[in-house]
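Engineer: Here are the chains, one letter per residue:
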Amino acid sequence: MQYTLLILALPLLSFAVLGLVDAKWKPKVAGTIGTTILGIITILSYFAAWQYFTQYKVDGVYQKVIAFDYEWLRFNDLLHINLGILLDPISVMMMIVITTVSFMVNLYSLGYMKGEKGFQRYYAFLSLFAFSMLGLVMATNIFQMYIFWELVGVSSYLLIGFYYTRPAAVAAAKKAFIVTRFADLFFLIGILLLSYFTKTFDFGILTSSNANVFAEATSKTFMGFSMLSWAMALIFIGGAGKSAMFPLHIWLPDAMEGPTPVSALIHAATMVVAGVFLVARLFPVYVVFTPEVLHGIAYVGAFTALFSAIIACVQTDIKRVLAFSTISQIGFMMVGLGVSGYGGHEGVGYMSSMFHLFTHAFFKSLLFLGAGSVIHAVHSNEMKDMGGLRKYMPITNWTFLIACLAIAGIPPFSGFFSKDEILSASYSFSPAMGGIMTFIAGLTAFYMFRLYYNIFWGKEFKPATQSENYHGHGNTPHESPFSMSSALVFLGAVTCVAGLIPFGHFITSDGVPYDIHINLTVASVSIIVALVGIIIATYLYRKENEIPEKLAKTFDGFYKAASHRFYIDEVYLFSTKKIIFNNIARPIAWFDRHVIDGTMNGIASSTQWVAVKIKGFQSGQIQQYAYVFLLGTLLVAALVIFLI
Amino acid sequence: MGDILTNFFTGTVPIEAYLGLSLIMFFCGVYGFLTRKNMLMILISVELMLNAADINFAVFNRYLYPGQLEGFYFSLFTIAIAACETAVAIAIIINIYRNLKSVEVDNLNQMKE
Amino acid sequence: MDYSSFLQMHEEFSLLGVMIILLLYDIFASEKYLKYFQPIAIVLFLVHIVLNCVPRETFQVSGGMYEYLPIHSYIKTFLNIGTLIVFLQAHKFLNEDANRIKRGEFYFLTLSTLLGMYFMISAGNFLVFYLGLETASVPMAALVAFDKYNNKAAEAGAKYILLAVFASSISLFGISLIYGSTGTLYFNDLPALITGTPLQILAFVFFAVGLFFKISLVPFHLWAADVYEGAQTNITSYLSVISKGSAVFVLFTLLVKVFASLITEWQPILWILAVLSITIANLFAIRQKNLKRFLAFSSISQAGYILLAIISGSAIGMSSLVYYVLVYIFSNLAAFGVISVIEERTGKINIQDYDGLYQTNPNLSFVMMLSLFSLAGIPPFAGFFSKFFVFSAAASQGFYVLVFIALLNTIISLYYYLLIIKAMFLNKSDHPIEPIKSDFFARVSFAVCTLAIIAIGFISPIYDQIHLISFGM
Amino acid sequence: MNFLSLYILILVLMMMGLFLSKSRKQIQIIMITGASFLLLLSGALTYLYLTERAAGNTAEMLFRADSVWYTPFNIHYSVGVDGISVAMLMLSSIIVFTGVLVSWKIDPMPKEFFLWFCLLAIGVFGFFISIDLFTMFMYYEVALIPMYLLIGVWGTGKKEYSAMKLTLMLMGGSALLLVGILGIYFTTGGSTMNILELSKLKVPLEMQRYFFPLTFMGFGVLGALFPFHTWSPDGHSSAPTAVSMLHAGVLMKLGGYGCFRVAMFLMPEAAHEMAWIFLILTGISVVYGAFGAIHQTDLKYINAYSSVSHCGLVLFALLMMNQTATTGAILQMVSHGLITALFFALIGMIYGRTHTRDIRLMGGLMKVIPFLGVSYVIAGMASLGLPGLSGFVAEMTVFVGSFQYADTFHRILTIGACASIVITTVYILRVVGKVIFGPMQDKHHETLTDAVMYERIPVIVLTAAIFGIGMFPGWISSMIGDSVLPLISQFIR
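Residue numbers (our numbering), protein chains in the order written: chain B, 1 to 644; chain D, 1 to 113; chain X, 1 to 473; chain C, 1 to 493.
Careful: at least some of the hints might be erroneous.
Unchecked claim - Pulled a few chain D residues facing chain X out of the computed Cβ check, cut under 7 angstroms:
1) Y31
2) V46
3) F57
4) F74
5) C84
6) V88
7) Y97
8) N99
If you're looking for bench data, these hints aren't it; they were derived computationally from the structure.
This one's a predicted model, so the numbers in the text were calculated from it and none came from an experiment.
No residue lacks a Cβ here, since even glycine has one placed at the ideal position from N, Cα and C.
Produce the entire structure from the sequences given, and follow the hints as far as they go.
Structural biologist: What follows is the structure in structure tokens.
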């Protein structure tokens with residue numbers, strides 16, 4: 001399946017071409033090239049997926065296929081970075097997700113970004129992102145993954161900072177990059193640690209569940225945990241950074257400063273789930289050798305999911321609501337992985353997590369694109385500038401509603417199926433976990449519908465209050481152009497049907513197909529909870545009324561804390577600005593200038609000082625000269641006679 | 001005490017006496033060089049030092065190495081050289097006198113540090 | 001006694017011949033021919049150099065009073081070359097109206113000091129050595145006070161003669177004690193008789209300070225700066241280069257030939273003096289405003305570096321010393337040449353007068369820069385090689401700490417050399433020295449020096465030859 | 001005549017040509033021709049080297065030439081290259097070439113500038129082709145002195161102070177170094193100055209204990225070893241662009257190269273014994289330099305501190321003393337050389353337009369000078385170790401190599417060094433965010449013009465090299481790695 005190399009090469013080519021020609025080509029040409037290439041690789045990846053799932057099943061198990069392999073950099077006899085293409089169920093699944101969503105976003109952006117300065121650059125970056133993300137999921141070894149991991153980080157940086165003249169965008173881009181890079185540091189150390197003990201980067205060896213490979217790593221312990229646990233925990237921190245797990249989630253809400261399609265692509269559907277993908281990729285290691293880390297992942301995921309769901313309930317910026325919702329949903333995926341066992345029914349968590357990743361990618365990008373469409377129409381991100389838009393933008397309204405229903409977990413939309421599996425896996429892990437997750441699912445339904453009503457229902461739209469964020473030309477909102485709405489419609493369609501895919505036939509923890517059985521108890525509970533959430537939201541927000549404000553007043557402290565995102569950003573700001581910048585960097589700069597440099601200057605000036613002090617020797621008096629002369633003679637004589 | 005007196009008048013003078021003399025002369029010269037303010041006096045002090053060395057040569061030759069003449073010759077040459085030095089020195093001192101109207105050594109401190 | 005052996009003293013006789021011819025020419029030539037005096041003097045001297053530059057077999061004259069070694073040819077030739085350069089640079093100075101009448105004296109005095117140095121170098125007996133020493137220093141005093149209407153020159157002359165006599169009398173006293181304790185003054189006989197009794201050590205120290213004075217090592221250096229400042233620049237350069245060069249060579253030969261058995265005594269002495277000289281001279285040099293004083297202190301510290309070669313007491317030390325002297329001659333004379341040219345024309349001698357010199361006089365600045373870099377020991381200039389060899393000589397005997405201290409001092413020395421370079425190249429001045437056209441002779445000297453500074457280091461045969469011969473020392 | 005000597009010959013010819021040249025045009029022609037020849041020569045050398053190796057020549061050094069220079073001290077003019085030197089020569093010629101273009105319109109006194117520039121280049125090239133201790137040291141010092149005038153005359157800011165400080169501190173380094181070199185020479189019996197032969201002899205261990213630190217620190221000063229790095233921020237910020245490039249790009253590498261080739265190679269036992277001290281110092285360098293850079297506001301200062309950090313990483317990796325780390329160190333030298341040269345070139349060009357280097361006074365330059373802006377972002381990304389650019393390859397090799405020790409000491413240091421990449425990210429993004437992105441700070445900047453042709457070429461060349469190594473690191477990594485092996489075996493024996 002060497003042709004899969006094209007899937008990687010084409011976007012890179014597109015990036016190189018578009019990046020180099022930059023403004024020399026017309027925006028339309030650049031956009032067309034970018035979109036076309038994405039279209040081609042989408043088709044290619046569908047074809048590859050079809051070929052893979054039909055041809056590479058041996059003895060009922062999906063094989064890992066190395067479609068391409070090239071030794072890129074050799075460190076020593078054992079360790080070398082290869083660049084290659086690994087095809088296995090999850091990478092093929094990711095490939096489909098990435099290419100599809102990318103293609104949709106490219107298409108959508110043709111309309112959304114029309115007239116923006118730097119349109120060509122935007123498409124170049126989108127291609128770069130597609131390249132890096134595909135490289136990430138197809139990585140044959142953990143170091144290749146790290147390479148593309150960094151590359152997606154930088155594409156994210158470039159895209160968030162696309163409006164580079166806006167300080168907020170630049171700051172957000174910087175924050176995103178630094179936070180994820182901070183996490184990547186742990187990832188890197190984890191890789192180093194892992195590779196030191198296992199002498200390999202290769203996923204094929206790492207995920208073979210071969211105890212010999214990890215013998216050394218498991219036998220050595222540090223602070224009560226085996227080295228392997230440390231390595232895997234560190235690697236997870238890397239994943240947590242990218243996937244915005246608490247407490248490394250702070251960059252994601254800010255990342256919404258980027259163009260909305262970018263948020264849809266990178267910060268909802270693809271890049272942010274890289275952490276989930278990473279854990280899934282190394283799942284055999286986690287589940288067999290370091291279950292304690294895996295449980296930790298589950299707890300982190302659950303907490304993050306709860307935490308961000310609460311915050312999402314009170315945010316007023318629609319993209320931030322979606323961002324926190326994303327964090328929360330990724331928490332779900334992490335929980336799915338964390339509670340999973342290995343193989344068969346035990347491994348349902350793994351399967352459901354992947355399934356949720358899959359469905360979430362579509363409905364969340366749909367939500368973002370819908371939100372983008374709204375923003376495009378009203379030129380504002382704030383809920384207070386919206387309301388009653390259903391009349392003006394019917395397509396957006398309907399697709400948004402579908403997505404909301406999907407994320408709330410209402411059958412038959414896709415979200416229901418995947419979320420339900422996660423819930424049942426959680427229940428089988430521990431009832432408490434299941435309960436919490438069900439509660440969060442209810443919260444999800446509530447805040448999504450709060451969002452939905454605030455945008456499309458509620459108070460009537462008044463164009464006067466718009467803020468001139470992007471363009472400054474705004475009349476009555478109107479439905480988006482065809483390129484945008486077609487993407488919405490397509491994604492909406494996918495959202496409707498994706499849940500019906502027999503996912504377990506393709507992706508399971510051990511590669512053996514498995515039939516999904518919907519646990520009716522869990523399903524009915526979750527549906528009821530979701531409906532309750534929706535009903536409360538309907539009650540509160542469908543029409544403009546006083547209740548939400550009253551509620552906010554009643555829980556004043558909590559409300560404030562939640563709307564300030566529980567002050568996590570402030571904590572970070574404090575620790576970076578106050579502690580690191582003021583108490584480390586500034587003292588070091590001072591130390592360097594005054595102590596070290598001062599020492600060097602001090603040596604020089606003390607030399608000068610001595611030079612001034614001894615000038616009296618040269619008095620100009622012959623007799624004093626003779627005196628010194630004589631003294632010198634006698635001293636020298638005394639020295640050699642008596643001392644030596 | 002008696003012996004010394006007797007020797008002093010009748011016997012040979014011991015070498016120590018000559019060496020003592022030359023040492024005293026030498027350090028008188030040094031002392032003079034370091035303390036006198038008149039340049040001519042300084043010059044004379046230097047002559048004392050040179051002559052102290054001359055005495056040494058002569059005495060060593062006479063007392064320790066009587067078969068040789070090296071020391072004596074050395075003294076002779078030294079005397080000649082001392083004369084040359086004095087001549088040049090006095091010429092320069094005269095020059096200084098011409099310029100400064102003084103031969104006080106303290107005035108020679110235009111250049112220092 | 002075979003008087004024909006005296007005739008083997010080619011160098012001395014040839015120099016004496018040059019002196020006498022010049023003297024007679026100066027006295028008897030008519031005004032018409034006198035204007036050719038300087039060219040003739042230079043040509044004659046050049047002939048003298050060429051005739052005497054080839055080393056011969058070792059020989060002794062007068063029962064060992066005078067002893068010739070092949071290396072002497074080299075050191076004498078190097079001193080000759082230095083003197084020639086001084087003559088070339090002094091051309092303008094001697095053609096001034098006030099000095100024209102005295103130029104015969106200048107040559108005669110200079111050459112007699114050179115003759116004294118010859119005898120010092122080739123001496124085989126303390127008597128000859130002492131005579132040479134005095135012949136080298138007494139006319140020097142006259143030279144220092146050459147300009148008789150100049151207060152400073154007179155003061156410098158007085159300082160020089162008085163202190164020189166003071167030093168030489170101490171030295172003489174030392175020689176007398178050596179004679180007293182050994183009974184001989186022949187260098188060849190002395191090593192067997194010097195056994196290291198306290199008296200001999202004392203005698204040695206007394207004797208050696210006379211040479212230390214000439215080399216101007218700290219603390220016997222105090223005269224140097226004043227005398228250098230007071231004397232006319234060309235004479236200063238002669239004093240600082242030729243006189244010093246001969247003295248270090250002689251110190252070395254005496255130490256290894258005569259006082260070899262006192263090596264445990266003189267090595268620590270030299271160690272201390274080297275450290276003192278380099279460090280203190282450097283510290284003084286930092287604050288000097290007057291370039292001549294500045295170079296005085298710089299040359300004191302250079303003398304300290306030369307001690308590193310002497311302290312090794314080995315053949316490597318000897319060859320690196322001679323090589324160092326050779327390089328030092330060119331480097332220092334180039335610097336003094338520039339200073340003298342500028343002083344002759346403008347009377348400016350302070351470092352800040354040199355601000356912006358490069359803008360007006362690029363060539364002079366260039367020569368000055370080369371010489372300063374060479375003095376600082378910066379490659380690819382000759383000074384780097386000579387310094388390296390000197391350090392090697394010391395290191396070969398295990399004096400790593402000394403080498404280290406000396407090297408640390410090169411930082412200070414680089415600092416003050418850079419101060420001048422900074423003045424010339426970096427600083428801006430409202431009244432820079434106007435463009436100067438130097439005379440032909442000076443330019444020849446600059447060309448020679450520049451060429452030598454650049455090329456000597458790369459032409460390894462020069463060092464190899466010196467090394468070959470110094471093994472026969 | 002060995003063709004390695006062509007490096008020196010070309011430069012000497014260039015200097016002669018400059019002496020004779022009359023107009024700026026002639027100077028430019030001489031310089032660009034000569035620099036192109038150097039570049040071609042390096043390309044040819046790399047090709048010949050690789051073919052020679054591929055043909056199975058396993059000699060430690062290729063293209064050897066050896067002629068006696070000073071017999072008494074066994075000083076030879078001895079040249080030869082292995083993969084490490086080839087990489088460094090390639091780097092040097094790229095930077096010399098770009099440096100010439102960057103100073104295309106240097107003012108005043110272009111002739112003198114380029115004369116000194118050539119002398120500096122002679123020092124650099126000579127150092128890398130030499131395998132004789134003496135000539136190495138000589139070239140090392142040759143490279144130091146032109147700096148004074150180059151910074152002093154053509155620099156900016158407090159140039160005189162910086163130039164003096166830089167020169168004196170580096171001279172101090174070479175003072176330490178010379179003692180070390182003499183020590184090595186004489187304690188091995190004073191029979192050879194050739195490092196290959198010296199490596200077969202043995203410096204007695206008790207002497208190594210003195211001379212190793214001296215030699216290492218001597219070279220370390222030039223390699224910006226903490227706490228001897230303070231010349232770097234001042235020096236680099238005051239120097240004219242091309243000189244900053246050459247200095248940070250190549251000259252600082254002389255330090256690392258020397259530490260490895262001389263100090264560690266010839267005195268492996270002491271290196272083993274004392275590595276921990278210097279590991280701590282270099283570890284401090286890495287983190288400290290990065291933190292130092294965070295607080296700066298002058299573009300060149302930021303880059304200078306960043307150089308301290310990155311060059312610290314070079315020494316750090318060398319001291320890890322295994323093949324991977326050492327290969328990484330050499331790669332890091334090459335990579336940092338290219339990146340920092342690009343940085344300085346860009347800073348120079350930006351400064352030439354905005355007349356300020358204070359990041360607080362600039363902003364949104366991407367809008368008016370997109371070419372420079374994009375290039376700056378690329379340089380920044382390379383510096384913070386983005387995959388696909390050379391910095392990543394080098395840093396990862398270093399980290400993987402450094403991690404091959406099981407003990408806590410090495411591991412903690414390595415993790416600390418890894419942490420520097422985060423700090424690097426912070427200061428790089430801070431600058432990029434403030435200067436290149438963001439709103440316009442100064443109205444006057446709105447009329448700036450983007451880079452012209454002679455400015456674009458060096459940027460493109462450097463960027464291409466950075467990308468080249470970053471994307472296809474295999475050949476250079478294996479070229480270096482193979483050459484490192486015989487040197488490393490010295491430590492293992």
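Engineer: Each of the hints needs a verdict: does it hold here or not?
Structural biologist: Here's how the hints hold up against the structure:
no.: 1; hint: Y31; verdict: 12 angstroms, violated
no.: 2; hint: V46; verdict: 5 angstroms, holds
no.: 3; hint: F57; verdict: 5 angstroms, holds
no.: 4; hint: F74; verdict: 5 angstroms, holds
no.: 5; hint: C84; verdict: 5 angstroms, holds
no.: 6; hint: V88; verdict: 5 angstroms, holds
no.: 7; hint: Y97; verdict: 9 angstroms, violated
no.: 8; hint: N99; verdict: 5 angstroms, holds
Of the numbered hints stated above, those contradicted by the structure are hints 1 and 7, listed in ascending order.
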